[in-house]
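A.B. asks: If you want the building blocks of each chain, they are given just below.
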Amino acid sequence: MNTTKFKIATLLVVVMTIGFSFTTINKVTVKGSDTMVILSQKWAEVYMKKNPGTSIQVTGGGSGVGLAALINGSTDIANSSRPIKPSEVEKLKARYGSLGVEIPCAKDGLSVYLNKANPVTALTLKQIGQIFAGKITNWKEVGGADAPIKLYGRESSSGTFGFFKDNVVKTDFAPTCQTLPGTAAIVNAVKKDKNSIGYGGAAYAEGVKDCGVKKDDKSPAILPTAATIKNKTYPITRYLYMYLKSRPTGETKEFIDWILSPAGQGLIEEVGYYPLK
Amino acid sequence: MKKVIVAMAVLCFGVASAQEVTNDSIKPISIDSLQQAINMHQLKFDALNEQLSPLQEEVDRMSKLKISGYMQVQYEMYNYQDVPTATGPLQLKPGTAETNVPLTTNPTDVTNSFVIRRARVKFTYKPIEGVAFVLQPNFSFSAVTLKDAYVQLNDPWLNTFQLWVGQFNRPDYEVEFSSRDRIILERSRMTTILYPQERDLGAKFVVDFVNKYEIPLKIDFAAFNGNFGEGPIANQVSDVDSDKDIVVRATYSLKFPNAGLGIDFGGNGYFGKNTVFAAGTYSDINNNPFTAAVGDKLDKHWIGAELQLYYDVLGGFALKSQFNKGVISGTSGAAIINNNPSFNFSGEREFIGYYVTLEKNFGSKYQAAVRYDSWDPNARLSGDAVTVAPDLRVHTWSFAFDYFFNNYTKIALGYSMPINETSSTVGGIYNSDVKNNTTTLRFQVSF
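Protein sequence lines, in the order shown, are assigned to chains A and B.
First residue of the first sequence: 205, per my numbering; consecutive thereafter.
First residue of the second sequence: 67, per my numbering; consecutive thereafter.
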């Protein structure tokens, strides 16, 4: 055998061995929306059981954090409970020459939480917006007791914050709105405080009551149930998204295809959200 | 058998009885002591809250200030240093027969060098939503210069209008695209000549229909002093002739998500004048000489088009192009107030400039790009009809390969190959292409 050819062949084998050694564990990283963490972890857990040798790593941090991680290259998938912003798309264009890929993967309803002792049971979208903007400050203005309204909301990196601001509040939140890290913390705060109000995923409303939401004065009050969220009669519904830099390939594609398949979609209601169909 | 059962029952009873505690060892806690403990903890929580409140205020205040920045250090190799000069666009190899422009500052040949290209820190303070103050100094070995200093106001009602006042980038795709994100290491020759130092002092009104109306149309109207990056720095801090340059740019974005395709396109116009500060013989766009007096106005205007296409094919792929055509003017001589160092010529010239760039991303770590750019400073003359070096057209091929060492560090290898038009009338080294290619290895750190 020609010595040069042998050396080249040996070198190729070494390079290929090193190359393949990096591909034996198929690792996919998922980061972003806190609203989606439990759902995403459930998907990862079931998928990894079915596909040994695959590693799906899920972390939260908020939709903004996930999308920032996608832009700087530190995650494969960004979970987001709000649509990507034009400014974030511009960053993807600048860094990757790509518009990014948006994959709606579940539906969610945003509940407005009230304390169980609060006599108020329903509010219009406008009233809710005015309450969180600080224009309505006393429960008696919306048919409740004569008591100041205590506001609880999410931090600005949260997609839930962004969605609620853009679709309900439509202006700045009142400075008196206390930001808490996570929906569970908001539920807990509302549970303890008779005069409080908060917002978050419909699945989290344990120990508090859901406020019926009216589109306007003449509309009926709708509660966030599986049926009203699925058929979009509940006014505060949203999609939950996964974002990627470009169209998925390899293990990432297989994981996403599985999430969108009946097997993946079937797990969504177990966690408290709603499948796409 | 019954006896055995009874005996076992008695034994079990005895064992069971033995487990009973007649005197409970756990002392009952009184409600009062529990209340006391709760009160004590409440006091501790209140004290902690008192300590945390001012800290929270401090954190909230700090979170309104964003600090970012980047540094570019590079190693360059070249046969000739490509620097604009008083008599031509090229600073050539000193002390050899190949050059007709000897380097006066350094009589020895320099073929490679370490360079700090950028060292910038950007401070963005957003005291309330919709208001931003931006300050960006650039640090170099010999001086600290101010790159950006402006106030940006966003309308809170429609989320559509913006007002910028201060010193900031002129509205142009390649100018506004930060060098920290660029794949090709330097901007095109056209952009650096039309927009010296990229910035200017003035005001800009932006209408962006995307946020409120979801229409991807953006329009910029700007008025600038028009002399930034020209002449001595001391003369750039305010206007030198009261006339303002007007810039208009409109862009529209199309998206085809199913095809993974996005197309941004737009048009721009620049309308200004150059005041003559040094009387003398100038030449007009027809290459005819004329006498200019101090205070005369020279034309400076152009219109252009731009296109950026993004296509998701095995990762990101982008095609970017700009075209500008119009009249550029100036006065030669670095000491003149509004001398554009990259267009060092006394007179007006009809120019044509364009570039086409192809960019490809390979995963998250690698990028590559190639660009062809053309700058013809005198579209009315070509070849041997050109009599002076500054009128020669230059086509430049640029290549770059970037590697992201991590999220904050990029290593870029670039090669730039300018090919100048030849003219036997100009003669000398311009009888053929000047070998002024440059290889650059750049390290960029950003945060």
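One or more hints might be untrue.
[What the hints assert, rightly or not] Below, a list of computed lysine-lysine pairs in the BS3-like style, where the Cα atoms sit at most 30 angstroms apart:
hint	chain 1	residue 1	chain 2	residue 2
1	A	457	B	284
2	B	321	A	374
3	B	284	A	289
[What the hints assert, rightly or not] Which bits of chain B does chain A cover? Going by a derived footprint, with three or more residues having C-beta under 8 angstroms, they are:
hint	stretch
4	423 to 431
5	504 to 510
Note that these hints are calculated values from the structure, not bench results.
From a predicted model like this one, the values you see are computed outputs, not experimental measurements.
We treat Cβ as the ideally placed atom computed from N, Cα and C, and that holds for glycine.
A.B. asks: Each hint should be assessed against the structure and marked as holding or not.
C.D. replies: Checked hints:
no., hint, verdict
1, 457/A x 284/B, "35 angstroms, violated"
2, 321/B x 374/A, "26 angstroms, holds"
3, 284/B x 289/A, "15 angstroms, holds"
4, 423 to 431, "holds (count 5)"
5, 504 to 510, "violated (count 0)"
Checked against the numbered hints given earlier, this structure breaks hints 1, 5; the rest are met.
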